[in-house]
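The residues making up each chain are set out below.
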Amino acid sequence: MWEFLQNLFLDYTLRTVTLGSAVLGIVSGALGSFAVLRKQSLLGDAISHAALPGIALAFLITGSKTSLILITGAAIAGWLATLFVISITRTTRIKTDSALGLILSVFFGSGLVLLTFIQRQPYATKAGLEKFLFGQAAALLQSDLITMSVLSTIIIFLVFVFWKEFKIFSFDPDFTASLGFSVHVLDILITSLLVIAIVIGLQTVGVVLMSAMVVAPAAAARQWSDRLGVMVILSSLFGAMAGVGGAIISSLTPRLPTGPTIVLGISAIVFFSILLAPNRGLVWRWVAEQKNRHQLQLEAVLSDLYILARQHQDLEHGHPIEVLRTMSIGHGGVDRTLKELKSMGWVDRKSDGNWILTPRGWEQARQMAERGAITE
Amino acid sequence: MTITQLEIQLIAVVVAMACALPGVFLILRRMGMLSDAISHSILLGIVLAFFITHDLTSPFLIIAATLTGVLTVSLVELLHRTRLVRQDAAIGLIFPFLFSIGVILVSRYGANIHLDTDSVLLGELAFAPFNRMVIFGWDIGPRSLYLMGGILLLNVLFIIFFFKELKLATFDSGLASALGFFPSLLHYGLMTIISITAVGAFDAVGSILVVALMIGPPVSAYLLTDRLAILLLLSALIGAVASILGYWLAHLLDASIAGSIAVMIGLIFLLVYLVAPDRGILAVVRRRHRQRIEFALEMLLVHLLNHEGLPEAASECHINHLTEHFHWEESFAQKVIRRAEREEFLGRREELLLLTDSGRERAQKSLLK
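Protein chains in written order, with the working numbering: chain A, 1 to 376; chain B, 1 to 369.
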């Protein structure tokens, strides 16, 4: 463990990988929150696939593999793809899902053409572009890391500056427009930031799986909070955790591609969140449901006894358990419920085995009746 | 053209048609991205089945992969039904997860078998003819041609048999279930068909091109027709044309065939998007322009009718008043007036515009509208 920590700070590759993946997770987590809230979860998929021809073309034109150049190419292609999707859905009856699928596959296909084209060219530096398919964190350089960090800082800064605008725009675009903001400009700004956030991560996670880094951290964070600020911070945190964990594991294990490892990490976080998040989580909901059901059973038996007592005009007149069972057919668990009511001191069992309401139980049931919870 | 080239094109055409047919229902049901999800996650099924059978040609692979495709759809629905995430987010969560497991298995344990992630993702149509179908020692053609031919036949039969049901469930699923057609059963039937097609096509063309072939041709055809039967035929045709053109583009550039077919699909869509009668961009722009002039013309005629013969007519019907009153650009006003004169709705006395009889009639008619 100590050795590992030492490596983390001293080993060049490990340090670069860790920091790079952390940056990627933070930015995609933050921007992904807005994408998921704006129902654009799959736009990230289209953008990341569409970046491939941009990367290939940037390399073909400049012959350089500097990350800033490749990222610029990727961003332009991703941005163009988004523009196409928006204009197709605005001007025709084609729906968003079809437009996304079309643009994603056509852009990716043209990227493939360019890639195979590059492979057959006599360049010495051509190798390594394939790593953009599934990502290769171990190949990150210090210079890549600097580019990523600078771009990320700009993105986070802009999100911070336009926080209020992004917030109302994500939840209520019409209201935003009525306040006098240009919805168009905000849309372009937030989408551009998403594009940059995605292309930053391509080198690490790859184009095929980068979309998961947009959707998953945000979907997980959404379960834990109803506040946008908390959600964005949590989402960044989850993204960073999955990114760092996945990148380290994959660089320490032979033949373990980075992208898929990171995706498995973030999927685990999503799974955990969906099950266990307070209030919204499935386990939480199940417990609450059981509690409610229990409460309803108690009230049902109490109200049955109350109705019987009123019919007989006598609090001391006992009622056999069979009657109560018949009255609450379909609820079940009458025996257990009676026992519990007895321990609460609301009902009592007479010496002949019949059940009666205690004065306290009577008072309790009367209050329920006043609330309208008992109908005779 | 060599026999191998012919075989490649034949396979490409059959794959394209097999994909385009069920793709029509995907885009009509707004589930286009499910093709993306299915075509990725079937990798897991293929890999797992391969580890069991150690035979890439085993039919068990196709069954396992098809099951994974259907499983993907069910998992997406399950996740969506918890109401914790939206449907699109559910798609974006499930398929990267399943695909990642598949990719990791291939890279960890697939080193000494010829199953690598690149070929899975990208496919290589050029190698498809090397895998031959041999019966009793006779070579009767490429194996994938028979496989995809069978899948194409299955898709055609499915659509013919359930045409009425599919149509109803696609356009009005409420009515379909009221009439007792079980739209959800049909939905899973369709998803099974999509999965089988994706599995068959995936081997030859890779998972991304499956998406291009399933969505591209139907979307292009969707801008050309309103009739379901024609939509199906046209999609198959567009898919076939794109495959042949794509093949020759790849030949020309010495590049990936699958990628080139996707590019061709994109180009065909772009062409249709621009010039489709009625729904193309050019047609829409032209129609908008025509409607603008038409509307302006009626405004002008009604305006003239209102002020005709009244004291203010001298100023209201003055030609220079139009830019002021309607806030029209000078050139636009000229255009409208020329149009009105050409149709003999108005005449001009010096700078004054006067309605003709037919102009008056037209103005009254548009007032009544």
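It is worth saying that the hints were derived from the structure and are not from the lab. Check each hint, because a few of them may be wrong.
Computed spacing ranges between beta-carbons, pair by pair [claimed, not checked]: (1) 63(A) x 126(B): 24 to 34 Å; (2) 284(A) x 226(B): 45 to 55 Å; (3) 230(B) x 279(A): 22 to 32 Å; (4) 274(B) x 184(A): 50 to 60 Å; (5) 283(A) x 291(B): 53 to 63 Å.
None of these values were measured; they are calculated from a predicted model. All C-beta atoms in this analysis are idealised placements derived from N, C-alpha and C, irrespective of residue type, glycine included.
Between residue 274(B) and residue 184(A), is the Cβ distance one that fits in 50 to 60 Å?
-> Violated - the Cβ-Cβ distance for residue 274(B) and residue 184(A), about 24 Å, lies outside 50 to 60 Å.
Note whether the CB distance of residue 284(A) and residue 226(B) lies within 45 to 55 Å or breaks it.
-> Once the Cβ atoms are compared, 49 Å apart, the range 45 to 55 Å for residue 226(B) and residue 284(A) holds.
Can the suggested window of 22 to 32 Å be confirmed for the beta-carbon pair residue 230(B) and residue 279(A)?
-> For residue 230(B) and residue 279(A) the Cβ distance comes to about 51 Å; the hint is violated.
Look at the Cβ atoms of residue 63(A) and residue 126(B) and judge whether their distance stays inside 24 to 34 Å.
-> 27 Å, holds
Distance restraint evaluation - residue 283(A), residue 291(B), Cβ atoms, bounds 53 to 63 Å | 58 Å, holds
Checked against the numbered hints listed earlier, the structure breaks hints 3, 4; every other hint is satisfied.
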